[in-house]
Amino acid sequence: MASFNKVVLMGNLTRDPELTYTQGNMAICKVGIALNRRYQNSQTQEWVEKVSFVDITIFGKRGEAFHKFHKRGASALFEGRLELDTWDDKNTGQKRSKLYVVADNWEFVGGKGAGGGQSQGGGGGYESAPSGGGAPGGYGNYGGGGGAQQAAAPQGGDAGDFLGVDDTPF
1067 MASFNKVVLM GNLTRDPELT YTQGNMAICK VGIALNRRYQ NSQTQEWVEK VSFVDITIFG
1127 KRGEAFHKFH KRGASALFEG RLELDTWDDK NTGQKRSKLY VVADNWEFVG GKGAGGGQSQ
1187 GGGGGYESAP SGGGAPGGYG NYGGGGGAQQ AAAPQGGDAG DFLGVDDTPF
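With the first letter of the sequence shown counted as 1, position 121 gets the number 1187 in our numbering; the numbers rise by one all the way through.
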């Protein structure tokens, strides 16, 4: 049977992105995000907030761009796949494993100042995005394409001034 490994996550960075390079000069950007889920407890009717923490790795030029434009606390949307690393612990000899996301694409989200001073749009998203600003997969004008959003911004502002979190299509 065939399998499918696709992840789309949006959250806030828990730390500044860490950028390193392999011996072959390939960029590796590692970052952690917090994902908040708010739901109502069916028994007590109280609102509960649950936070999940996910580690994300971005390779190559997209990783370098992400590192350049994002800081701790900024919001970002990631599209990628799950990876599982396994190894033997050097101290105890026990088998260890870690599940994380390898991001193929990322997008700015949030308003003005949300990515270390950058506004929504443009950036390390989809290389094949139409020039009209929309990204494949039905994200509409919520980042990734670039120029059209900046040109459509109201006088004296930027795209982040009129595209709020409440406008997110999902």
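By construction, these hints were calculated from the structure, which means they are not laboratory data. Some hints here could point you the wrong way.
Stated by the list, open to error - Using C-beta positions, here's what the derived DEER-type ranges look like:
1) 1090 <-> 1114: 24 to 30 Å
2) 1152 <-> 1069: 29 to 35 Å
3) 1071 <-> 1103: 49 to 55 Å
4) 1118 <-> 1155: 23 to 29 Å
5) 1069 <-> 1092: 33 to 39 Å
Said to hold, decoys possible - Dumping the calculated EDC-like pairs for lysine to aspartate or glutamate here, alpha-carbon to alpha-carbon at most 16 Å:
6) 1137 <-> 1084
7) 1137 <-> 1151
8) 1127 <-> 1154
9) 1164 <-> 1154
Every residue gets a Cβ at the ideal spot worked out from N, C-alpha and C, and that includes glycine.
### Query
Out of the numbered hints, which ones does the structure contradict?
The structure breaks hints 1, 2, 3, 5, 7 and 8; every other hint is satisfied.
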